[in-house]
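Listed here are the chains, written in short residue letters.
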Amino acid sequence: MTISNGARAALLALALVTNRGGVAHAADEPAPAIAQGSGDGAPGSRPWQVAAGVRAALFRGRGYDPFSTNDAFTQFSATATWAVATGRALATAVGVGWESGSADAQARGADTNLSLTRLALVLEERFAPRPWAFAFARVSPGWLRGTASLDDPAVAAPLRTTFSTFSFDASAGAAARLNPRASRVGFWLVGDAGYGWAPDQHLALAPALSAADHDKAGATTLADLAPRGVFLRFAVALAF
Amino acid sequence: MNQPRSPRATAALRVLVPLLCLGLAALGCGGRSPTWSAPVGSAQAIGLTNAVVLVDLPAHRAVALGVDPSGALAETALPTGHGVVATAVGPKGGRLYVLSAGHQGGLGDPQAEEAPRLTIIDGTTTPATSHDIPLDVLSDPLDGLAIDPTEHWAVVYAASGTGTAFVTNPNELVIVDLTGAKPPQPVVLHSFGGHPERLIFAPPLTLPAGLTHLLVVQSDQDFTLLALDDPTKPDITVRLADATAVTRPHPAEVVFDDGDPVMTDDARIGVRFDAQTSVMTLQLEPAAGPSGYAPTINVADVGGVPSAIAFVRTDGGLRLSALVPGRSAAVLVDPATTTTSVVALPAGYRSLSLVTAPAVASAGAAAGPDLALLWNGTTPLAGVAFWELGRASGLPFRSIETVGINGVVTDVRDVAGQNDALKVLSTSGGTATGGAFFVLDLGARTATPLLTATPDVTLSVSPTGARVWAFQVGGLGLASTELPSGRVHSLTVDTPASALFEITRADGGQSLVVLHEGVGVGATVFDADKPNEAGRRIYGALLTEGSYDDQ
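If you're matching them up, the sequences are chains F and B in order.
Position in the first sequence (from 1) plus 154 gives the number in my numbering.
Position in the second sequence (from 1) plus 423 gives the number in my numbering.
Nothing false has been slipped in among the hints.
Under 10 Å between C-beta atoms, here's a sample of chain F residues computed to sit facing chain B: (1) Asp219; (2) Thr223; (3) Ala259; (4) Gln260; (5) Ala261; (6) Arg262; (7) Ala264; (8) Asp265; (9) Asp305; (10) Asp306; (11) Leu313; (12) Asp367; (13) Lys370; (14) Ala373; (15) Thr375.
Rough simulated footprint, nothing fancy, chain F against chain B, three-plus residues with beta-carbon under 8 Å: (16) 456-463; (17) 938-950.
Short, incomplete list of chain B residues facing chain F, as computed with Cβ under 7 Å: (18) Leu496; (19) Thr918; (20) Arg959; (21) Ile961; (22) Tyr962; (23) Gly963; (24) Ala964; (25) Leu966; (26) Thr967; (27) Ser970.
Derived from the structure by calculation, the hints contain no laboratory data.
Just so we're clear, the structure is a prediction, and the values are computed from it rather than from any experiment.
Note that CB positions come from ideal geometry on N, CA and C, so glycine has one too.
Construct the complete structure from the given sequences, taking the supplied hints into account.
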């Protein structure tokens with residue numbers, strides 16, 4: 155199981171922040187785009203949020219077994235949203251999300267790899283009971299693209315297949331501000347949990363031959379891959 | 424200077440950080456069957472009529488590779504028991520028999536108890552199917568398996584030592600009725616101290632009790648004859664040396680003859696021994712007792728150590744022929760009188776095959792005395808020789824006709840179907856850089872040479888008899904030689920070949936499956952009837968498709 159270099163960088167940043175203890179002070183400011191009375195907590199005062207972190211999902215189906223020794227699948231996750239206040243403690247955000255990651259393992263001695271990339275629309279409702287924290291619910295319809303490969307020296311080329319499909323995420327989470335209110339940029343720790351759904355994918359791996367030899371490639375069918383399951387996502391976010 | 428942490432922020436972290444830890448711990452849960460981490464290794468590959476079967480020991484299954492009408496490979500996973508100890512292909516070539524020891528679990532063992540069982544994989548259907556015969560009569564697993572030529576019975580026995588059992592009786596056999604008509608029947612042979620070394624199935628013999636299927640259990644010091652039709656009948660033990668003998672002759676070959684099918688007193692068994700100049704015949708004659716027959720033993724000296732024996736029909740009647748390469752001769756033994764007659768041969772031959780039926784059919788002649796093919800000569804120029812046994816008594820010097828073949832014939836393969844008058848001969852000691860094999864026409868008595876680029880070529884005759892395949896293990900080249908025309912089609916595969924099998928497709932056509940061993944198992948499939956590289960299909964990771972849910 156691996157995650158991209160971007161995800162590693164995000165994890166490193168998260169660790170540094172935690173170690174520094176760079177957390178909020180008594181002079182807190184409101185959550186992004188949520189009004190907290192007058193002044194700089196006005197609606198729309200912090201409409202933009204960009205977040206980067208790690209998403210870890212559980213794929214329980216047997217179709218995932220060739221690609222991982224456990225059921226976990228981790229991805230780098232990036233989100234950009236724009237929010238507008240809809241009430242004293244409420245805001246609605248829209249944006250886009252991009253997640254990418256891969257899993258590696260050995261299946262009966264052969265090296266395998268599964269890569270998944272997801273591009274999605276983000277719709278989020280935020281509730282901020284306190285200026286230093288907010289809770290949110292998110293739905294995210296998206297497009298999932300996957301590549302599965304298996305390297306068997308018994309054939310002249312690695313076995314490979316790709317697929318693309320609709321997917322849908324629903325999650326709920328919370329965020330806490332990590333830096334003082336006086337800062338012009340809010341620095342937030344965001345976590346959410348939910349369920350990501352995508353339909354079963356038929357995995358028929360065939361040697362990746364040239365176009366001229368494409369009709370010579372016979373397919374080896376693995377169990378259907380079910381790229382869905384509960385997930386946890388943690389990110390650090392900048393609000394401005 | 425760091426400012427003091429807000430109590431609210433601290434509270435938030437106290438919620439989020441444990442959540443993070445719990446989440447990561449949860450993601451570490453779950454897993455897959457250990458079989459996924461077990462390498463494929465060297466999967467045993469067996470060719471059946473309609474499928475190539477890969478025995479996947481770590482996964483406790485067999486994977487049958489069939490070919491659908493479009494020429495695509497179709498995989499069927501069939502479970503076997505745990506602890507496979509023996510496999511055997513049925514003599515008819517359509518079924519694979521897999522004997523598994525099962526599993527005896529201890530306290531806390533998550534794996535369920537499993538009794539020994541025999542799994543029969545039927546490769547005559549598309550897709551292949553399987554069924555099990557439980558062997559609950561075995562408290563401990565036996566590791567030997569033999570299948571009779573009619574595939575009516577299987578015999579399970581102790582092939583090696585004690586295996587995993589604490590105590591084993593090597594003379595215990597289990598007779599399994601493969602039709603399922605009777606439950607497995609354990610039998611304990613009478614023993615004079617020996618233990619079975621080899622099980623030999625006799626062809627149906629006409630005995631006083633009727634047509635009987637005898638099992639000959641060869642031990643290091645005696646023979647036991649057991650009627651498979653009714654294993655409850657007492658077995659008959661034939662001691663190969665008297666009780667005072669210090670040395671015991673070790674049987675090397677056993678042959679049978681039913682005699683006249685309407686007679687019940689002329690079935691015979693012939694035996695030759697390692698490093699002995701004598702041959703033995705046993706005539707099974709009517710006798711009192713539950714078996715209804717008893718063997719009468721005759722012994723004859725053939726003047727040298729024989730290398731092959733066979734019952735043959737000559738112009739003088741039934742004889743036991745013995746090839747004595749040291750004398751460059753064949754000796755005919757009258758089984759009734761033990762008188763011998765010597766037939767001088769142009770060279771010493773070590774092997775003999777009866778080719779009467781195909782040769783007679785090819786010539787359109789009526790059935791008569793036998794025709795034998797002599798091969799495996801003691802010199803490279805010996806080639807093969809036809810031995811007409813219709814002249815063996817009257818004109819023995821005119822009964823031999825040789826066919827010149829450069830090299831020692833090491834193997835003779837039958838050709839099925841309409842080309843059964845042909846034989847494919849493997850040779851050794853051919854050309855300096857390559858090798859050769861020959862297609863022998865029994866009717867015309869000619870041998871067509873086929874030269875190969877390397878000497879270590881493996882031959883495989885098509886089950887239909889339409890062609891013979893040649894390939895080199897680990898090589899990229901292979902060739903089909905059409906029979907009887909001898910036209911050669913050369914083919915190339917993309918990765919080294921480890922084995923090849925011609926099987927019947929679902930639509931009745933023939934396909935060639937070439938296996939490649941790497942980390943997994945790959946295959947290239949050709950249309951055997953119209954072999955060309957453009958139409959091949961390449962498959963990989965053939966044992967990686969499993970779900971392994973049963974682990």
